[in-house]
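Could you build the full structure based on these sequences and the hints that come with them?
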Amino acid sequence: MDIMLNTSKSRTKLRRALVAAALLAAPLCLPLQAALAEETPKNDAAGRDQIAGREQVEQRLKAAQERMELAAREMAELSLSLEGGHDGVDPHMKIMLVHRPMLGMSVEPGFAGIAAGAGVRVVSVSPGGPAEAAGIHANDQVVSLNGTPVGGDAQRSAPQQLQAIMKAAKPGEPLAIEYRREGKSYKSQIVLKDAHEVHEDLDLPSLPEVFALDGHDGEAMRRVMHLRFHDSSGFGAAELVDLSPALGSYFGADKGLLVVRAPRDARLKLQDGDVLIDIDGRVPGSVTHALQILASYRSGETVRLHILRQKQRVELSVEVPEA
Amino acid sequence: MHARLEDLISLRDRQPVDAASAAHVAACAECAAALRRLAALREELNRLPAYAPPELWAVIEARLGAVSTRTPPRRWAQLAATGSIVALVLALASSLPQLRIAAPLTSDGVAEPAPLQSLVERSQRLEATLRQLPQRPAVEVAANSVAIDALQSRIQRLDLELTSDAAGASDPDRLQALWSQRVSLLNSLFGVRYAEAVHAGYRATREEGNL
Chain C
9 MDIMLNTSKS RTKLRRALVA AALLAAPLCL PLQAALAEET PKNDAAGRDQ IAGREQVEQR
69 LKAAQERMEL AAREMAELSL SLEGGHDGVD PHMKIMLVHR PMLGMSVEPG FAGIAAGAGV
129 RVVSVSPGGP AEAAGIHAND QVVSLNGTPV GGDAQRSAPQ QLQAIMKAAK PGEPLAIEYR
189 REGKSYKSQI VLKDAHEVHE DLDLPSLPEV FALDGHDGEA MRRVMHLRFH DSSGFGAAEL
249 VDLSPALGSY FGADKGLLVV RAPRDARLKL QDGDVLIDID GRVPGSVTHA LQILASYRSG
309 ETVRLHILRQ KQRVELSVEV PEA
Chain X
2 MHARLEDLIS LRDRQPVDAA SAAHVAACAE CAAALRRLAA LREELNRLPA YAPPELWAVI
62 EARLGAVSTR TPPRRWAQLA ATGSIVALVL ALASSLPQLR IAAPLTSDGV AEPAPLQSLV
122 ERSQRLEATL RQLPQRPAVE VAANSVAIDA LQSRIQRLDL ELTSDAAGAS DPDRLQALWS
182 QRVSLLNSLF GVRYAEAVHA GYRATREEGN L
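First to last, the sequence lines map onto chains C and X. Going letter by letter, the first sequence gives residues 9 to 331 in our numbering. Going letter by letter, the second sequence gives residues 2 to 212 in our numbering.
None of these hints come from the bench; they were simulated from the model. The C-beta atom is built at its ideal place from N, Cα and C for all residues, glycine as well. A few of these clues could be false.
[As the list claims (entries may be wrong)] Quick list of simulated restraints, FRET-style, between CB atoms:
#  : chain 1 : residue 1 : chain 2 : residue 2 : range
1  : C       : Ala79     : X       : Arg37     : 55 to 61 Å
2  : X       : Val140    : C       : Gly61     : 25 to 31 Å
3  : X       : Tyr195    : C       : Ser193    : 30 to 36 Å
4  : X       : Ala21     : C       : Leu86     : 56 to 62 Å
5  : C       : Arg290    : X       : Gln177    : 36 to 42 Å
6  : C       : Glu66     : X       : Ala178    : 44 to 50 Å
7  : X       : Thr206    : C       : Pro157    : 47 to 53 Å
8  : X       : Glu31     : C       : Leu78     : 53 to 59 Å
9  : C       : Leu78     : X       : Arg175    : 32 to 38 Å
10 : C       : His145    : X       : Ala33     : 36 to 42 Å
11 : X       : Arg175    : C       : Ala71     : 22 to 28 Å
12 : C       : Arg290    : X       : Arg5      : 53 to 59 Å
13 : C       : Tyr258    : X       : Ser119    : 47 to 53 Å
14 : C       : Ala184    : X       : Thr206    : 38 to 44 Å
[Said to hold, decoys possible] Some chain X residues near chain C, calculated using beta-carbon distances under 10 Å:
#  : residue
15 : His3
16 : Ser154
17 : Ile156
Here it is, written out as structure tokens:
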């Protein structure tokens, strides 16, 4: 307490001394004050210029970042179109029509009769695939899958052994995988993915049906496959997040996509904070799925979006704008 | 079970192998044919012209100073032996389908990556680079998300095809085309993933109030 009182007294003395010094020095400082008085508006103007300059740079930075995104998506679209057939439909789509479990990696070729040794070398790992999720890298040596050694035997090559194991397994079932990397052994679990699953996600007619159809559905499928994802003028510009249980309870929905940032195009009627529940009754399972559903509509067609806005269910009737 | 490659090479070189393997090769038409191919290959290698050491080697040795004048012939013998092994492996690579991703020798005798091998290596480097990117953000720009999913799906299907090619006979041109597509798609995937990461970083900075 004494210390505090002493400190308080000291501060008071110091303040008085400063005021006295200021009063004494005031006449001496008049020219300086005048100069400062002139200088202050200049500083304000400079500060405003600086802020305006910074805002301008920020806007240019944002625009550059958007251009980069656009260019990257255009590159993606072009590299995908390089592989399309003359009609734009992926000629390898037949693979998707077969229920086929996949590991999401390719392995070094081999042939029966000559053992590859203890395992088989991974040559590539599909980004976003099961092997990547299991932590497998290219050049890892897969020693066993589901407890069965793989490395080739008299009857089957190592890839054939892997395929045999996969065919016997069910998609979604976790399989034990053992692999070696730089002399060390690792164990993980890999969940086989059904190659058909990609197609089923589209919630659209299967490819044979598309080929058999000359009408609207066939065109819809083609539009989905030709999705112009480099175009950020429509729904593609939306920033969305899949509702987690916590977010869902906050917004009063158990599933849906939260619109974090709505597209700039006011005709799409979406607002920040909306929760997209369904599109003409079709419930989007993911952000990609939502855009694929929306892409199946022609320009000028009307799509009904069911959303939650401030916890109230609202139907938006939106005319799909020109791409 | 067929004979291992090591046993076949040992038999060709008249080195001892276990009796069961020798008996199998004697009785198995496939293994006998493989043995004949290996023997023919060695004959072809033996017929190759002698390789003269480049003059540069003498200059390097002179600079090193520590090498005796008797060493070079021994070194060259070792190099020749190593070269034979390399040549054997490379020749085997071109003759056996399972090793087709191998490097050929140029006219100078220097190994350079074959286009296919080069593509595989580029593909692996791109995969490693993708792993360095931050995890995908929870908030997705719809157009980016679609592009990434489309690219990943296509790469997954390519890998399916590569695996099915590996199991059976494959057309080398087709294989090359598949790997070329894979590299192109991975390049594009990296571009979109990178742009997405920059966008997410920009959003985070904006939300923190710095922008």
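Hints, one by one, checked against the model:
The hinted window of 55 to 61 Å between Ala79/C and Arg37/X holds, with their beta carbons roughly 57 Å apart. Our hint of 25 to 31 Å for Val140/X and Gly61/C holds, since their Cβ atoms are close to 30 Å apart. For Tyr195/X paired with Ser193/C, a C-beta distance near 34 Å keeps the hint of 30 to 36 Å intact. At about 58 Å, the beta-carbon gap between Ala21/X and Leu86/C stays in the expected band of 56 to 62 Å.
Between Arg290/C and Gln177/X the beta carbon distance is about 41 Å. The supplied range of 36 to 42 Å therefore holds. Take Glu66/C and Ala178/X: their Cβ atoms lie about 45 Å apart, and the range 44 to 50 Å holds. For Thr206/X paired with Pro157/C, a C-beta distance near 51 Å keeps the hint of 47 to 53 Å intact. Under the hint 53 to 59 Å, the C-beta atoms of Glu31/X and Leu78/C, about 57 Å apart, fit the expected range.
Judged by the Cβ atoms, the range 32 to 38 Å given for Leu78/C and Arg175/X holds: they are separated by roughly 34 Å. In this structure the supplied range 36 to 42 Å holds for His145/C paired with Ala33/X, their Cβ-Cβ distance being about 40 Å. With their beta carbons about 43 Å apart, Arg175/X and Ala71/C fall outside the hinted range of 22 to 28 Å. Distance hint check: the CB atoms of Arg290/C and Arg5/X are about 57 Å apart, consistent with the given range 53 to 59 Å.
Distance hint check: the CB atoms of Tyr258/C and Ser119/X are about 52 Å apart, consistent with the given range 47 to 53 Å. The supplied range of 38 to 44 Å is met by Ala184/C and Thr206/X, whose beta-carbon atoms lie about 43 Å from each other. Below 10 Å, beta-carbon pairs count as interface contacts, and His3/X has one with chain C at about 3 Å; its hint therefore holds. Hint status for Ser154/X relative to chain C: holds, with the closest Cβ pair at about 5 Å, below 10 Å.
Because the beta carbon of Ile156/X sits about 5 Å from the nearest beta carbon in chain C, less than 10 Å, this interface hint is met.
In summary, the one numbered hint that this structure violates is 11.
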